[in-house]
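Student: For reference, the chains in residue letters:
There are 2 protein chains.
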Amino acid sequence: MTTHDMNRTVATDDMLPLLQTGLQAVENAMYNVVKSDVEVLRDASTHILSAGGKRVRPHLLMLAYLACGGTDVTYAAPPAAAVELMHTASVVHDDINDHGVVRRGRPSVNAKWGRTFALLTGDFLFTAVYQLMAPYGDLNKLLAEAATALVEGETLQAHAVKNNEFTRENYARIISLKTAALFQSAGEIGARLADTTEDIAEALGNYGFNIGLAFQIVDDILDIVGDEETLGKTSGIDVEQGRGITAIENTEGADIMDAIKRKLLSGNRLEEARQQAQAFAEIAIEQLDVLPDSYAKTELADLANKVINRNK
Amino acid sequence: MTTHDMNRTVATDDMLPLLQTGLQAVENAMYNVVKSDVEVLRDASTHILSAGGKRVRPHLLMLAYLACGGTDVTYAAPPAAAVELMHTASVVHDDINDHGVVRRGRPSVNAKWGRTFALLTGDFLFTAVYQLMAPYGDLNKLLAEAATALVEGETLQAHAVKNNEFTRENYARIISLKTAALFQSAGEIGARLADTTEDIAEALGNYGFNIGLAFQIVDDILDIVGDEETLGKTSGIDVEQGRGITAIENTEGADIMDAIKRKLLSGNRLEEARQQAQAFAEIAIEQLDVLPDSYAKTELADLANKVINRNK
Chain A
1 MTTHDMNRTV ATDDMLPLLQ TGLQAVENAM YNVVKSDVEV LRDASTHILS
51 AGGKRVRPHL LMLAYLACGG TDVTYAAPPA AAVELMHTAS VVHDDINDHG
101 VVRRGRPSVN AKWGRTFALL TGDFLFTAVY QLMAPYGDLN KLLAEAATAL
151 VEGETLQAHA VKNNEFTREN YARIISLKTA ALFQSAGEIG ARLADTTEDI
201 AEALGNYGFN IGLAFQIVDD ILDIVGDEET LGKTSGIDVE QGRGITAIEN
251 TEGADIMDAI KRKLLSGNRL EEARQQAQAF AEIAIEQLDV LPDSYAKTEL
301 ADLANKVINR NK
Chain B
1 MTTHDMNRTV ATDDMLPLLQ TGLQAVENAM YNVVKSDVEV LRDASTHILS
51 AGGKRVRPHL LMLAYLACGG TDVTYAAPPA AAVELMHTAS VVHDDINDHG
101 VVRRGRPSVN AKWGRTFALL TGDFLFTAVY QLMAPYGDLN KLLAEAATAL
151 VEGETLQAHA VKNNEFTREN YARIISLKTA ALFQSAGEIG ARLADTTEDI
201 AEALGNYGFN IGLAFQIVDD ILDIVGDEET LGKTSGIDVE QGRGITAIEN
251 TEGADIMDAI KRKLLSGNRL EEARQQAQAF AEIAIEQLDV LPDSYAKTEL
301 ADLANKVINR NK
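For the record, the sequence lines run as chains A and B. Read in my numbering, the first sequence has 98 at position 98, and its numbers run on one by one without any break. Read in my numbering, the second sequence has 308 at position 308, and its numbers run on one by one without any break.
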C-alpha cells in the first residue's frame, strides 16, 4: 500500500461521516427554513421537499467543501440548502408555466394547490434562499448571479419555445444559464466556504459548470427516452414545449414534439448528445487535478460519472 | 430666528441636494440592474419601472439614512433600489394572480407579455433585489425577513379571499406582513447604513412599520373610492378579490364585492379606517423624537402626513 493510498484511506474514515452529517444538516436547514406560520406555504414547501429529489447540488457543494479542507459541515449546510431551494423554487414556477402535474412522483404544487399558491410558494422558496444565505457575506454575490442566470435561462427557453427558435446555439446558452450557473455556484461556494485559494475556488466553479451542462443534457435525453414512472415527473413536457437536445428550426407549432422526437430518435442524434455529456463530465473531472487526493475528491469524480450514467 | 431654526436652515441646504442626488442614484441603480441580455426581461422590467410608481419606500430609506447622519447617498442607493424592486416584483406577481390589466396607468406586465413572462419577470426582479443587496453584509438579513413576510402576507390574503375568511384580525395580520414589514426594513436599513445606534435603528424600523400600516389602509380606502384614472391601476380589484379595510364574515362568494362596498360605504366604516391610518401616522411621527432636528427629520414627518392625505 503506497503512502498515497494510506492518505486516502484515512481521509475516507474522516470524511464519510462528515459528509453524512453535512447532508443531514442540509435537510434540517431546508425543512426549518420553510416552517412558516402560513400553513399553505409550509405544507406546499414540505410537500415538494419530502418528495425527494436527487439533492445533487447540495451534495456537490458539500463535497467541494470537504475536498478543499473544510471540516465544519454544519457551517456549510445552510448555503448548500440555499442552492437546493433555489432549484426547487424554479421547479415550482416551471411547473406552473409548463402545466406540469407530476413532479418527483407526486402531484406538482400547482396541481395540488392551484396556480396562485404555486406562484406564491415559489416566491416563498426564493425568500427562503435569501434567508439562508443572508449571514454569509460576499458569498451572496455568487448565488445572486446564479439566481439571475437561472431566471434568464428559463426565460430564454420560454422565448425560444414560443417563437420556435430552438437552435443548437440557443440550447447551449439556455442550459449554461438555467442549469450550469447554479451548479457552478455550488462548486465555488463550497470551495470558498473552506477558505481555499482563488485557483481552487475557480477550478471547482468550473467543475460545477461542466457537471451542470452534462446533467442538463442527460436530463433532456431522459426526458425523451424515459417513461413517467422512472422519471417521477410528467415525461415529455420538456420536449412538448419545444425544448430538447438538438436544433429544431422552422418546424410548425403543434407538430414540434413529433418533429423533435423524429430528429432525435432517427440517426445518431441521441448518441451525439450522450457523447457531449460525456465530454463535459471529463472536463469536470480534469478540474479536480488542483485538489489533493481525498475521499471527497474521489466522490466528486464519481459524481461526474453518476450524472452521465443515471437513468432518472 | 432661534438657533434651532438656524440649524435646520443650514441642514436643509446640505440635505436637499444630497437627497436629490440619492434618489437619482436609486433610479440609476434600478435601471442598471435590470439591463439583462435577455430582451423580454429587460423590456418588461423597464416597462414597469418607467411607468413611475410613488417610490415611497426608497424615499423613506434615503431620508432615514440622511436623518441618521449618513452622507454617502450613492452607498445607500442600491439597498433603496432593492427595497423598491422587491415591491415591484411582488406587484408583477400580484397582477398575475389578480388578473390586473392596468398598473401605474399602463398595461400590466401580464397584460402585455402574458402570464409566463410576467412570472419570470417577477422572478428576475427578485434576483435583481438579491444582486443589489449582496454586497451589504448583514443588512441582507433585514431584507430577507421582509421579503419572506411580504410573500407570507400575500399568501394569507389569497387564502382569506379564497376561503372567505376576511376578518379584522386577518386584515391587520395581512397588512403587517405584506406591506408594513418592507417599510420597516426600509427605515431600519436606512438607519443602519448610517451606522447609527441600536435605539435609533429600531425607532426608524418602527417608524417604517407604522407608515406601512397607514399606507396600506389608505391604499385600500382609495381602492374603494378612487377611480381608475386617478389610481393608475385597475380599480376595485382589491375589493373584488375580497380584500378591504373591514371584516366581511359569512358573506357568500360572488356577492362579496357588493357586500364589501355596502358595508364600507354605509355608516362610518370609511371614516373609521381613515382615523386608524391617521393614528398609525401619528405613532410613526412619535418615533422620530429620538432624532436630532434636521431637514430629513422634517421630511420624514411630512411623509407620514402625505401618506395619509394622498389621493392616488
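None of these hints come from the bench; they were simulated from the model. Incorrect hints may appear among the rest.
Here are the computed lysine-lysine pairs in the DSSO-like style, where the Cα-Cα straight-line distance is at most 30 Å [to be verified]: (1) 35(A) <-> 306(B); (2) 162(B) <-> 112(B); (3) 112(A) <-> 35(A); (4) 112(A) <-> 162(A); (5) 306(A) <-> 54(A); (6) 54(B) <-> 141(B); (7) 312(A) <-> 54(A); (8) 54(B) <-> 112(B); (9) 141(A) <-> 35(B); (10) 54(A) <-> 112(A); (11) 112(B) <-> 35(B); (12) 141(A) <-> 54(B); (13) 162(A) <-> 306(A); (14) 35(B) <-> 141(B); (15) 312(B) <-> 54(B); (16) 35(A) <-> 54(B); (17) 54(A) <-> 35(A); (18) 306(B) <-> 112(A); (19) 141(A) <-> 141(B); (20) 312(A) <-> 162(A); (21) 162(A) <-> 306(B); (22) 312(B) <-> 162(B); (23) 312(A) <-> 112(A); (24) 112(A) <-> 312(B); (25) 35(B) <-> 54(B); (26) 35(A) <-> 162(A); (27) 306(B) <-> 54(B); (28) 162(A) <-> 35(B); (29) 162(B) <-> 35(B); (30) 312(B) <-> 54(A).
Here are the computed distance ranges between Cβ atoms for each label pair [what the hints assert, rightly or not]: (31) 279(A) <-> 195(B): 38 to 44 Å; (32) 101(B) <-> 52(A): 52 to 58 Å; (33) 105(B) <-> 101(A): 33 to 39 Å.
All C-beta atoms, glycine included, are put in the ideal place defined by N, C-alpha and C.
Student: It remains to establish, for every hint, whether it holds in the given structure.
Tutor: Hint-by-hint comparison with the structure:
1. 35(A) <-> 306(B): Measuring from Cα to Cα gives roughly 38 Å; hence the hint is violated.
2. 162(B) <-> 112(B): Holds: residue 162(B) and residue 112(B) sit about 26 Å apart, inside 30 Å.
3. 112(A) <-> 35(A): Measuring from Cα to Cα gives roughly 19 Å; hence the hint holds.
4. 112(A) <-> 162(A): Holds: residue 112(A) and residue 162(A) sit about 26 Å apart, inside 30 Å.
5. 306(A) <-> 54(A): holds, 11 Å
6. 54(B) <-> 141(B): OK: residue 54(B) and residue 141(B) at ~25 Å, within 30 Å.
7. 312(A) <-> 54(A): The hint holds at about 9 Å.
8. 54(B) <-> 112(B): holds, 22 Å
9. 141(A) <-> 35(B): holds, 17 Å
10. 54(A) <-> 112(A): Distance of about 22 Å is within 30 Å: holds.
11. 112(B) <-> 35(B): holds, 19 Å
12. 141(A) <-> 54(B): holds, 29 Å
13. 162(A) <-> 306(A): violated, 33 Å
14. 35(B) <-> 141(B): Holds: residue 35(B) and residue 141(B) sit about 26 Å apart, inside 30 Å.
15. 312(B) <-> 54(B): The hint holds at about 9 Å.
16. 35(A) <-> 54(B): Violated, at roughly 34 Å.
17. 54(A) <-> 35(A): Holds, at about 22 Å.
18. 306(B) <-> 112(A): Violated: residue 306(B) and residue 112(A) sit about 44 Å apart, past 30 Å.
19. 141(A) <-> 141(B): holds, 14 Å
20. 312(A) <-> 162(A): Given that 30 Å is the threshold and the Cα spacing comes to 27 Å, the pair holds.
21. 162(A) <-> 306(B): The given pair, whose Cα atoms are some 45 Å apart, is violated under the 30 Å limit.
22. 312(B) <-> 162(B): holds, 27 Å
23. 312(A) <-> 112(A): holds, 23 Å
24. 112(A) <-> 312(B): With Cα atoms ~38 Å apart, residue 112(A) and residue 312(B) exceed 30 Å; violated.
25. 35(B) <-> 54(B): holds, 22 Å
26. 35(A) <-> 162(A): violated, 37 Å
27. 306(B) <-> 54(B): Judged against 30 Å, a Cα distance of about 12 Å means the pair holds.
28. 162(A) <-> 35(B): Since the Cα atoms of residue 162(A) and residue 35(B) sit roughly 22 Å apart, the hinted pair holds (cutoff 30 Å).
29. 162(B) <-> 35(B): violated, 37 Å
30. 312(B) <-> 54(A): Roughly 49 Å between the alpha carbons, so the hint for residue 312(B) and residue 54(A) is violated.
31. 279(A) <-> 195(B): 38 to 44 Å: violated, 52 Å
32. 101(B) <-> 52(A): 52 to 58 Å: violated, 40 Å
33. 105(B) <-> 101(A): 33 to 39 Å: holds, 38 Å
Violated hints for the displayed structure, listed by number in ascending order: 1, 13, 16, 18, 21, 24, 26, 29, 30, 31 and 32.
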